[in-house]
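Asker: Protein chains in written order, with our numbering: chain R, 1 to 194; chain H, 1001 to 1194.
Where hints are given, some of them may not hold.
Below, a list of computed lysine to any residue pairs in the SDA-like style, where the Cα atoms sit at most 20 Å apart [what the hints assert, rightly or not]:
| id | chain 1 | residue 1 | chain 2 | residue 2 |
| --- | --- | --- | --- | --- |
| 1 | H | K1049 | H | I1004 |
| 2 | R | K49 | R | A118 |
| 3 | R | K49 | H | H1021 |
| 4 | H | K1049 | H | A1066 |
| 5 | R | K49 | R | S157 |
| 6 | H | K1049 | R | A25 |
| 7 | R | K49 | R | V105 |
| 8 | H | K1049 | H | E1069 |
| 9 | H | K1049 | H | D1114 |
| 10 | R | K49 | H | S1027 |
| 11 | H | K1049 | H | A1009 |
| 12 | R | K49 | R | D12 |
| 13 | H | K1049 | H | R1115 |
| 14 | H | K1049 | R | S27 |
| 15 | R | K49 | H | R1115 |
| 16 | H | K1049 | R | H21 |
| 17 | R | K49 | R | A70 |
Just some of the chain R residues that point at chain H, by a computed CB distance under 7 Å [as the list claims (entries may be wrong)]:
| id | residue |
| --- | --- |
| 18 | Y23 |
| 19 | A24 |
| 20 | A110 |
| 21 | T153 |
| 22 | G161 |
| 23 | W165 |
| 24 | G191 |
Okay, the calculated bits of chain H under chain R, using three or more residues with CB under 8 Å as the criterion [claimed, not checked]:
| id | segment |
| --- | --- |
| 25 | 1023-1036 |
| 26 | 1156-1166 |
What the hints contain is simulated information worked out from the structure, not anything from laboratory work. Just so it is clear, CB atoms sit at the ideal spot from N, CA and C, and this is done for glycine as well.
Number of protein chains: 2
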Amino acid sequence: MVEISRRRAIEDVASELFRAHGYAATSVRDIARVLEIQGPSLYAHVTSKEAVLWAIVDRAAARFEAAAEAATRATGIDPVEAMAALVRAHVRVITDDVGAAAVFVHEWRALGPDRRSAVLERRDAYERRFREVIETGIAGGDFEMTDPALAATAVLSTLNGIPGWYRPDGRLPAGRVADHFVDLVLRMLQGASR
Amino acid sequence: MVEISRRRAIEDVASELFRAHGYAATSVRDIARVLEIQGPSLYAHVTSKEAVLWAIVDRAAARFEAAAEAATRATGIDPVEAMAALVRAHVRVITDDVGAAAVFVHEWRALGPDRRSAVLERRDAYERRFREVIETGIAGGDFEMTDPALAATAVLSTLNGIPGWYRPDGRLPAGRVADHFVDLVLRMLQGASR
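Take the sequences, apply the hints, and build the full model.
Answerer: Below you can see the structure in the form of structure tokens.
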């Protein structure tokens, strides 16, 4: 238990430092300094900076996956409802721990080749959930899209901008952020603008 | 002239390496190796890895700014046309040099504090162009939005996902990408989904 909470503290501090200064500019020593632990003691918990990055990214990915899974289970087959639930779940994972989400979205490219590939595969699988709902919506006439793959990518790009500006103490509470983005995404998918 | 083209070659190679392996994992030595020049000779052109990053980011920012300026000059006051032109200009800057755009979008956070601040200010000014068009569109009834600042941020997040997947030899030619994103953005701003 102490072990888990120490690891979690390391990840939280690292998330904040990576977010504030960038992954490249942050050292394991910087992380140790904030935690007020000595370098050698830190290395008992983390083998490298990349291992800390991986721990953060892996946990964030797992949270996105679990939230999408729960959202899909909770909604019926109606694609508008299903998309709203997926968007709401995604935004919630971001706003619940924006430091980790920011690292997941902005810094995963700094992982080594094998872990990058693993993240890419998980991102593809995750994006597929969105694409399948969009395809169902097109088939049933709920969505008007000519390119569901591009639409799914665009939806996730829109949502993944949130960690760049969201602050828990900012002008928009998390619930309002989710409302806005559900609305924006459904407009994108439903509207016939021209 | 030789000086300029050598610098440009360094930036192009660095863009590709930063994009492929991430900024953190790329060294000045890696850049020199691809260019087949010796380390000391490279250091005559670049003082540090961050200086190369800055050169790429600064040039990309200037291209986005110039394209938006031209798009705004070329269109009248009609906000739908103005937004379509801004989106088209933005997508074009990305697709014309997707390596530099990817570095601009994904790696600018690795800059030192002063340059990060400078980039943030330019991004804010650039985003303001989008917000002003959205505000004009709301005032005239062309757009239905309750939060123009959030809408401008969302539009740019949507567009800035493109460097993550666009390939010049991919299934979608640059012009089609621009068409799709003009459509997606106008739907977002115009439609009343619920």
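Asker: Would you mind marking each hint as holding or not holding in the structure?
Answerer: Consistency of the hints with the structure:
Proximity of H:K1049 to H:I1004 is assessed by CA-CA distance (about 18 Å); at most 20 Å being required, the pair is judged to hold. Taking the CA atoms of R:K49 and R:A118, the gap is near 18 Å; set against the 20 Å cutoff, the hint holds. Of the pairs offered as hints, the one joining R:K49 and H:H1021 holds, with about 16 Å between alpha carbons and a cut-off of 20 Å not exceeded. For the suggested pair H:K1049 and H:A1066, the alpha carbons sit about 26 Å apart, so the restraint of at most 20 Å is broken.
Distance restraint check for R:K49 and R:S157: the Cα-Cα separation of roughly 27 Å exceeds the 20 Å cut-off, and the hinted pair is therefore not satisfied. At roughly 12 Å between alpha-carbon atoms, H:K1049 and R:A25 fall within 20 Å of each other, so this suggested pair holds. Distance restraint check for R:K49 and R:V105: the Cα-Cα separation of roughly 17 Å lies within the 20 Å cut-off, and the hinted pair is therefore satisfied. With a CA separation close to 30 Å, the supplied pair H:K1049 and H:E1069 exceeds the 20 Å bound.
With a C-alpha separation of about 16 Å, the suggested pairing of H:K1049 with H:D1114 holds against the 20 Å cut-off. With a CA separation close to 17 Å, the supplied pair R:K49 and H:S1027 stays within the 20 Å bound. At most 20 Å may separate the alpha-carbon atoms for a hinted pair to count; H:K1049 and H:A1009 meet this at roughly 14 Å. For the suggested pair R:K49 and R:D12, the alpha carbons sit about 13 Å apart, so the restraint of at most 20 Å is met.
Taken as a hint, the H:K1049 and H:R1115 pair is honoured in the structure, with Cα atoms around 13 Å apart against an allowance of 20 Å. With a C-alpha separation of about 17 Å, the suggested pairing of H:K1049 with R:S27 holds against the 20 Å cut-off. About 24 Å separates the Cα atoms of R:K49 and H:R1115, which puts this hinted pair outside 20 Å; it is violated. As the CA atoms of H:K1049 and R:H21 are separated by approximately 16 Å, the hinted pair is consistent with the 20 Å bound.
Of the supplied pair hints, the one linking R:K49 and R:A70 is violated, its CA atoms being roughly 32 Å apart against a limit of 20 Å. Interface hint at R:Y23: satisfied, since its Cβ lies 5 Å from the closest Cβ of chain H, which is below the 7 Å cut-off. Below 7 Å, beta-carbon pairs count as interface contacts, and R:A24 has one with chain H at about 4 Å; its hint therefore holds. A hinted interface residue such as R:A110 counts as satisfied when its beta carbon comes closer than 7 Å to some beta carbon of chain H; here the least separation is about 4 Å, so the hint holds.
Annotation: interface hint on R:T153 holds; nearest CB of chain H at approximately 6 Å, less than 7 Å. Because the beta carbon of R:G161 sits about 2 Å from the nearest beta carbon in chain H, less than 7 Å, this interface hint is met. Here the hint on R:W165 is kept, as its CB sits about 6 Å from the closest CB of chain H, short of 7 Å. Here the hint on R:G191 is kept, as its CB sits about 3 Å from the closest CB of chain H, short of 7 Å.
Residues of the segment 1023-1036 of chain H with a Cβ under 8 Å from some Cβ of chain R number 3, which satisfies the need for three, so the listed coverage holds. Proximity of the segment 1156-1166 of chain H to chain R, defined as three or more residues with a beta carbon under 8 Å from a beta carbon of that chain, is established by the 9 residues found.
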